[in-house]
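A.B. asks: Line order of the protein sequences matches chains A and B. The first sequence begins at 1 in the numbering used here and counts up by one. The second sequence begins at 1 in the numbering used here and counts up by one.
Watch out, some of these pointers could steer you wrong.
Under 7 Å between C-beta atoms, here's a sample of chain B residues computed to sit facing chain A [to be verified]:
{"id": "1", "residue": "53"}
{"id": "2", "residue": "55"}
{"id": "3", "residue": "69"}
{"id": "4", "residue": "75"}
{"id": "5", "residue": "120"}
{"id": "6", "residue": "121"}
{"id": "7", "residue": "147"}
{"id": "8", "residue": "167"}
{"id": "9", "residue": "177"}
{"id": "10", "residue": "178"}
In the PhoX-like style, the derived pairs of lysine-lysine whose C-alpha atoms are separated by at most 25 Å in a straight line are [what the hints assert, rightly or not]:
{"id": "11", "chain 1": "B", "residue 1": "171", "chain 2": "A", "residue 2": "85"}
{"id": "12", "chain 1": "A", "residue 1": "172", "chain 2": "B", "residue 2": "171"}
{"id": "13", "chain 1": "A", "residue 1": "13", "chain 2": "A", "residue 2": "121"}
{"id": "14", "chain 1": "B", "residue 1": "15", "chain 2": "B", "residue 2": "36"}
{"id": "15", "chain 1": "A", "residue 1": "171", "chain 2": "B", "residue 2": "171"}
{"id": "16", "chain 1": "B", "residue 1": "40", "chain 2": "A", "residue 2": "85"}
{"id": "17", "chain 1": "A", "residue 1": "171", "chain 2": "B", "residue 2": "146"}
{"id": "18", "chain 1": "A", "residue 1": "121", "chain 2": "A", "residue 2": "36"}
{"id": "19", "chain 1": "B", "residue 1": "15", "chain 2": "A", "residue 2": "13"}
{"id": "20", "chain 1": "A", "residue 1": "159", "chain 2": "B", "residue 2": "15"}
{"id": "21", "chain 1": "B", "residue 1": "15", "chain 2": "B", "residue 2": "85"}
{"id": "22", "chain 1": "A", "residue 1": "85", "chain 2": "B", "residue 2": "15"}
{"id": "23", "chain 1": "A", "residue 1": "172", "chain 2": "B", "residue 2": "85"}
{"id": "24", "chain 1": "A", "residue 1": "131", "chain 2": "A", "residue 2": "121"}
{"id": "25", "chain 1": "B", "residue 1": "15", "chain 2": "A", "residue 2": "146"}
Calculated from the structure, these hints are not laboratory results. All residues carry an ideal CB built from backbone N, CA and C; glycine is no exception.
Protein chains: 2
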Amino acid sequence: MQRHFDEELVQLKDKLFKMGLIVEEAIQKAVESLMKRDTKLAEEIIQGDQRINILEIEIDEFGHELIALRQPTAVDLRFITMALKINSDLERAGDQAVNIAENAVTLNREIPLKTHLEIPKMAELATKMLKDSLDSFVERDAVQAKAICEQDDELDDLKDRIYSDLQQAMKKQSIEVPQAVSLIMVAHNLERIGDLATNIAEDVIYVAKGIDIRHHITERRE
Amino acid sequence: MQRHFDEELVQLKDKLFKMGLIVEEAIQKAVESLMKRDTKLAEEIIQGDQRINILEIEIDEFGHELIALRQPTAVDLRFITMALKINSDLERAGDQAVNIAENAVTLNREIPLKTHLEIPKMAELATKMLKDSLDSFVERDAVQAKAICEQDDELDDLKDRIYSDLQQAMKKQSIEVPQAVSLIMVAHNLERIGDLATNIAEDVIYVAKGIDIRHHITERRE
């Protein structure tokens, strides 16, 4: 029974990693559709979101089944409820990829921009943070989780630089206002993905501390 | 034992309502601090977020305790895990109130703007949606939940109008670009609150459907 449950927890973890991979790919391709002005690719991302939504429901049902049938211990219960929360965060990161793709469709209709600023750099960092946050959850690695929270400041700095560059460009009228606003929204979407990764990482840190405290109380009681 | 558990579920619901009230107040006051150029009030909102974070942890712990100790049925389990998810969404809505307050601090430093557009209208609708989404969850009212999803379109329309008004104002140079971008971000923050309310409402609809299906299967089996 316990071995079977352990296998189910591994299954839950695997499903979550699969979800993570699909979402990371959606983010990368959404930014690619913007950089390469590939509207067909952008539309694929928008349509592909349905797959992410279905996977979210599947993982959600599986997690609830595990709690109801296996009556997990406090530590396993926390693992499963965190997996459910991460599942929901990944789905929302997928929504951000859709937002980026929608902005790409709009921007690709206009004349090409000279530069897309540091958006690819932001995208790379945001997807790395998301991947690392999942790893830190599975490995219960509070140190890695803490590093993610620090990377979030780096991501915010990149976003601030993009904002200020676009503001300058609008002032000098070297970019049309609607285009600049669309690019600001893309930077904002990438920042949101970083926030979702940070939410996950903060939970990992909190639980790591929480278990330590509980462990300490248990020891004193014995 | 069952009566005790029922009381605990009511307690969980009450705690969530308390959290909802505090967050709604934070959103309203954040917008007020912008409209009345009240930087002191904005700073109170920023500092008050700590209280919301502590309340989130308290509710999270309480929900986990209930699952671990009471081994709830499928329906009660779904109620508790949804409460945990809503708890996390409310905390994020509180973060949006902080973002609005931060933008208010920045904007209040500048010369007064002629108009703040339809931002108060957006704020009113977004907080109403959040309140209604909590009600629909507790009442398991899928009809009310559906209405919230429709209001989200209304909120998006308001945001689009604000965006386009600000874009026009930037073009005519009747507003400085950094100020316009700050106001765009406030509109975006309010839209995010509407999204969080919609997430809650969508879960209510999904669970209502899910329970119907399960109920139907149970009936067939009997």
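A.B. asks: Confirm or reject each hint.
C.D. replies: A quick look at each hint next to the structure:
1. Because the beta carbon of residue 53(B) sits about 10 Å from the nearest beta carbon in chain A, more than 7 Å, this interface hint is broken.
2. The beta carbon of residue 55(B) comes no nearer than 14 Å to any beta carbon in chain A, farther than 7 Å, and the hint placing it at the interface is violated.
3. The interface hint given for residue 69(B) is broken, as the beta carbon of that residue sits about 10 Å from the closest beta carbon of chain A, more than 7 Å.
4. Given the 7 Å rule on beta carbons, the hint for residue 75(B) is violated: about 10 Å separates it from the nearest Cβ of chain A.
5. For residue 120(B), the interface hint is violated, the least distance from its beta-carbon to any beta-carbon of chain A being 22 Å, above 7 Å.
6. Given the 7 Å rule on beta carbons, the hint for residue 121(B) is violated: about 21 Å separates it from the nearest Cβ of chain A.
7. Residue-level restraint check for residue 147(B) is violated (minimum Cβ-Cβ distance to chain A is 21 Å; threshold 7 Å).
8. Checking residue 167(B) against chain A: minimum C-beta separation of about 5 Å stays under 7 Å; hint holds.
9. Against a cut-off of 7 Å between C-beta atoms, the interface hint on residue 177(B) holds, since the closest Cβ of chain A lies about 5 Å away.
10. Nearest Cβ of chain A to the Cβ of residue 178(B): about 6 Å, under the 7 Å cut. The hint holds.
11. A distance of roughly 43 Å separates the Cα atoms of residue 171(B) and residue 85(A); the hinted pair therefore is violated under the 25 Å criterion.
12. Straight-line distance between C-alpha atoms of residue 172(A) and residue 171(B) comes to about 11 Å, which keeps the hinted pair within the 25 Å bound.
13. Only pairs whose Cα atoms come within 25 Å are accepted, and residue 13(A) paired with residue 121(A) is rejected, the gap being roughly 29 Å.
14. Of the supplied pair hints, the one linking residue 15(B) and residue 36(B) is violated, its CA atoms being roughly 31 Å apart against a limit of 25 Å.
15. Proposed proximity of residue 171(A) and residue 171(B) is supported: the alpha carbons are some 9 Å apart, at most 25 Å.
16. Between the alpha carbons of residue 40(B) and residue 85(A) the distance comes to roughly 35 Å, so the proposed pair goes past 25 Å and is violated.
17. A threshold of 25 Å between alpha carbons decides the hint, and for residue 171(A) with residue 146(B) the separation of about 43 Å lies outside it, so the pair is violated.
18. For the suggested pair residue 121(A) and residue 36(A), the alpha carbons sit about 15 Å apart, so the restraint of at most 25 Å is met.
19. A hinted pair counts as satisfied when its Cα atoms are at most 25 Å apart, and residue 15(B) with residue 13(A) does not qualify at roughly 31 Å.
20. A threshold of 25 Å between alpha carbons decides the hint, and for residue 159(A) with residue 15(B) the separation of about 36 Å lies outside it, so the pair is violated.
21. Taking the CA atoms of residue 15(B) and residue 85(B), the gap is near 14 Å; set against the 25 Å cutoff, the hint holds.
22. Distance hint between residue 85(A) and residue 15(B) is fulfilled; the C-alpha atoms sit about 20 Å from each other, no more than 25 Å.
23. Taken as a hint, the residue 172(A) and residue 85(B) pair is broken in the structure, with Cα atoms around 45 Å apart against an allowance of 25 Å.
24. Annotation: proposed proximity of residue 131(A) to residue 121(A) holds, straight-line Cα distance about 16 Å (limit 25 Å).
25. A threshold of 25 Å between alpha carbons decides the hint, and for residue 15(B) with residue 146(A) the separation of about 30 Å lies outside it, so the pair is violated.
When each numbered hint is compared with the structure, violations occur for hints 1, 2, 3, 4, 5, 6, 7, 11, 13, 14, 16, 17, 19, 20, 23 and 25.
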